[in-house]
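Novice: Protein chains in written order, with this note's numbering: chain G, 1313 to 1482; chain E, 45 to 424; chain D, 4 to 108; chain A, 46 to 460.
Everything labelled a hint here was simulated from the structure, so no lab data went into it. Some hints could be false.
[Unchecked claim] Mimicking DSSO-like on lysine-lysine, the simulated pairs with C-alpha atoms at most 27 Å apart in a straight line are:
(1) Lys129/E / Lys219/E
(2) Lys116/A / Lys219/E
(3) Lys77/E / Lys397/E
(4) Lys277/E / Lys129/E
(5) Lys277/E / Lys209/A
(6) Lys139/A / Lys286/E
(7) Lys94/E / Lys129/E
(8) Lys451/A / Lys77/E
(9) Lys209/A / Lys222/E
(10) Lys397/E / Lys116/A
(11) Lys378/A / Lys77/E
(12) Lys182/E / Lys116/A
(13) Lys129/E / Lys226/E
(14) Lys226/E / Lys116/A
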Amino acid sequence: MEDTGTVVAFWILAALTVGAALSVAAVRNLIHSVVLLIVSFAGVAGLYITLSADFIAVVQILIYIGAIAILLIFAIVLTPRAGRLNQEGFMLLPALALAVLVAGTMIFVAFDTSWAISERDGFEETATAIGDLLLDKYALPFEIASVLLLSAIIGAILLVRPEGAEEGPE
Amino acid sequence: MTIKSEPFVVNVGPQHPSTHGVFRLRLTLDGEKIIDADMIMGYLHRSMEKLAEERTYTQNIPFTDRTDYLAAMTGNLAYVIAVEKLMNIEVPERAQFLRTIMAELQRIASHSMAIGIFANDCGAWQTPVMHMFRDREKILDLFEMACGARLTLNYMRIGGVSRDIPDEWMPQAHKLLKELPKRFAEYEDLLLSNEIIIARSRGVGVLTPEQAIAYSVSGPMLRGSGVAWDIRKADPYAAYDKLDFEIAVGTNGDCYDRFVIRLAELRQSLYMLEQALDMMPSGPVHQRLGTSTVQPGTQPIAPLAFRPPVGEAYGRIESPRGELGYYIVSDGGPSPFRFHIRSPSFINLTPLKLMAIGSTVADAIVILGSVDIVVGEVDR
Amino acid sequence: MDSVDLEHFLVIGAILFGIGLYMSLAKRNFVGVLIGIELMFNGVNLTFISFSRFVESAEPLNGHIFVIFVITVAAAEAAVALALAVLLYRLRDTINVDQIDLLKW
Amino acid sequence: MAIILSGEWYDLRDLANPIRELIDALGAPDAVDYVLWSLIAALAILIWLVVSVIAFIWIERRLVALMQNRKGPNRVGPAGLLQPIADAIKLLLKEAITTRDADRILFWLAPIIVFIPTIVVFAVVPFGESMVLADLNVGVLFLIAVAGIMTPAVFIAGWSSNNKYALLAAMRAIAMLISYELIQVLALLAAVLFIGSMNLQAFVSWQDEYNTWLIFILPLPVVAYVIAGAVEINRSPMDLSEAESELAAGYHTEYGGIKFGFFYQAEYMAGFAIAATVTTLFLGGWTLWGLEEWIPGWIIFLGKLYAVFFLYIWSRGTLPRLRIDQLMAFAWKFMLPLMLVNALVIAVEVVVWEETGASRNVALPAIGAVNATLAVILVIGWARVLGHGSGLQRGYRATLTREIGKIYYTGAEVS
């Protein structure tokens, strides 16, 4: 990908994503942390667009910002007496070491391997193709995923149901 | 679905769009559900009852305007009835009819406002209020013709009314009476079966008749709980014993009932007004209070100072908000020894806590709107 | 700097994954841990998509499909995790993972 | 992204195209004219938005005043036309107060974040034949995704104010937006199923080609989308998150000056965005049965957009507000099942049409009639099933009596 727009966009988005992600870890206030996480998600969505994955980019915004970030916010507001701080526990140094190690290894592998780079251009349109694949080749995993979602919903409701909740509608 | 949360205290008022003045409601919430409600009054306290003890009986009439400023006529009326009882004054027939007409016009004006504000509290952004203002303006015009003021009228006098109505008054009143039924039909069409109003107010803020009587609420609040009680019928004053009308009562005691009762009372008031205008006798509109105190002049103005006999009197009327009573104790001096107002807004407000607990914040506002308080009267 | 290649995206994915790993291990607050997990998901997704775009393959869109499943699972995981957090809070009055040590010996 | 050349004089792109050629002639690199072209188009949209908002502040106030039997702004300038400008100046010059206990950063950030989705939506909306900033293949999904950003923005505003009204409103807003996002998605899903594309321009050309509007074929999704849109832009009867009579001003209670101005403007822009979506997806966008040959497409488009937006002004002037639990019940108990059934039916219809290969003159009216009938049956039937028109949902008049002291209480039904 050599055209100027993409390159410029990539560097801006990369800086945004990584910067926001680093701040998420560094910032002390949990709500700020979630807001920065949203920025990071948006940055990743932008990166998807530079990778010509328009459908995934939109889904990223829809699910991660519109749903998961909101769930995190809900988790925060529903636990009012818990701390709002986002500080590290006693695992700080081991975790840091491990994270650096893992990321370093992956970066090393990324540069060390000679990938079979294809010469094709970006995808023209992915939504239709993904739809076809999902309902054809990956139909079974697709159904399983929907069952998973359903059971997750039921599980979540069962978990937060207060003990002795009245049966049926009020 | 209930997710337990911390109790959460919200102050509605004293500065809040829906408290109808400076009234404060401290709600303790669990989520949006009210688990406790405290009413904190007194932000508009002007010490009227004490001030009145320093002024003469006639000077006190303007104070009564300023308690329930949305229904100044009825405030005047209740007070002068109390003083007349104290002094045993017979009021001329024409004055009685004028008082009745003014009180009923005032009821239409006040109920219009109450209905509009109630719809506003249900969330209809200003539109009902503005439409109701249309009628109210016309009525205020009539008041202006009769006594020169629009809001604080000071029209009633001890022994009658301050002056007779001008000649143009009657035709204009008849014109208004022709116009109003169309308007009322419009309001009934728009509000009575409005899905959202029904959803918001039915089954909300229920007060059973036992509770209503125990809290000694009155007016549309009491009738909303299904108790057919109206002082105009139970203890007629002015010219009400000569008029035919019906009492509107509800069956469920909820906010919707209070609201439909006000709508129905608009019609009843109109019916009474039609009769009263037809039956209006001629004659003096003021009873002179003894020769020694009469002031010269063509206008029958009550004397500024007089000394009623020692005693006490309680004058009560059905104001738009309920039983408005003035309790006056005289020690024979020129000003009352004790002056107490039984203000319906204040007493109707007391079961608010009872009605609000268990409902949501939005309901509390609707309930407050259905009580129809005037903070000037609550705090006096 | 004048062209963007697979390695660039892989590096960003790796950094996101590292940050997420660090957060999920080190943070005390349960929500902080969740945030870390979501960041890890994002790093992985980015890697999938960039492989899908750059690497020679008969069916290049498979990467996208994987990402869709990952997002689905992430949504389910977030919902259940939220429920767990709320339940935990109700039982223990805290969502500090250091203090939730009932299973410790 | 290819630059689509258009020969029409009124195309905003053509403001950009001569400049592009000029720059090309000067030998500047590609990036320069790419950026310049995008800037001009984006700026045009932004200017249109700001002008529209300013105009509609006046129009809405006058229209609502008309409904409310009063005059509305009529003092500043002729017929009060300069009132919005006076308002804007007032908002700009006011002190920007930040309350003591507010979360300062987020408090300042929220008005800006609220702005983003409302503007970004217009990137994919076709104003005319080639007047679309980004002709995205997943346009419809993009609309939904971008609208989703509203949710955190409103929450941030409510949370950071550190005000109880604002927090309550923010919680309401989140619950509402999430619930109605679902309805929105299902409504648009029905349309996408029918058209078979998520490209907004494809929607317009489909409706142009088949000489109809989707509103005639899919009445239920349109209604659902308009209602869900009202929730998203906080218009009555769904203006719960800024319920004036309950929560003072909801999530922007603590905002004043230009920060409030941002919210105010964003509300209008979000309204235009919803109206633009409805126009494009269901009302034929910039086409009007051949009239677009004679009148610039964007004028037709804007005309339709403003007409849809008028619906929201109208509802604001007339309807009371629902309670939060009623609003949620309406979404989950009433709309969601209907929309699911509707989506299923439309999928079946599309398959049947494909299988039978009926001509469009037969198929489209048939499908439209079936859908309309079904919509009526579903709405009325489902409302009946849910107990509408009985018990607590029934209105009545007061009982009239002459008997003093009798008790007419029949026992309360409590909601």
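Novice: Could you grab the alpha-carbon distance between Lys209/A and Lys222/E and see if it respects the 27 Å cut-off?
Specialist: Since the Cα atoms of Lys209/A and Lys222/E sit roughly 49 Å apart, the hinted pair is violated (cutoff 27 Å).
Novice: CA of Lys397/E to CA of Lys116/A, is that 27 Å or under?
Specialist: 40 Å, violated
Novice: Is the Cα-Cα distance between Lys378/A and Lys77/E 27 Å or less?
Specialist: Distance ~21 Å between Lys378/A and Lys77/E Cα, so the pair holds.
Novice: Hint check: Lys129/E vs Lys219/E, CA-CA at most 27 Å. Holds or violated?
Specialist: Given that 27 Å is the threshold and the Cα spacing comes to 35 Å, the pair is violated.
Novice: Please verify whether Lys94/E and Lys129/E have alpha carbons no more than 27 Å apart.
Specialist: 21 Å, holds
Novice: CA of Lys182/E to CA of Lys116/A, is that 27 Å or under?
Specialist: 18 Å, holds
Novice: For the pair supplied as a hint, Lys277/E and Lys209/A, confirm whether the alpha-carbon distance does not exceed 27 Å.
Specialist: 47 Å, violated
Novice: Within 27 Å, alpha carbon to alpha carbon, are Lys129/E and Lys226/E?
Specialist: Status violated; Cα separation ~40 Å.
Novice: Would the pair Lys139/A and Lys286/E pass a check requiring their Cα atoms to be no farther apart than 27 Å?
Specialist: 61 Å, violated
Novice: Hey, Lys116/A versus Lys219/E, does the alpha-carbon distance stay inside 27 Å?
Specialist: 25 Å, holds
Novice: Please verify whether Lys277/E and Lys129/E have alpha carbons no more than 27 Å apart.
Specialist: 19 Å, holds
Novice: For the pair supplied as a hint, Lys451/A and Lys77/E, confirm whether the alpha-carbon distance does not exceed 27 Å.
Specialist: 35 Å, violated
The structure fails to meet hints 1, 5, 6, 8, 9, 10, 13 from the earlier list, while all remaining hints are met.
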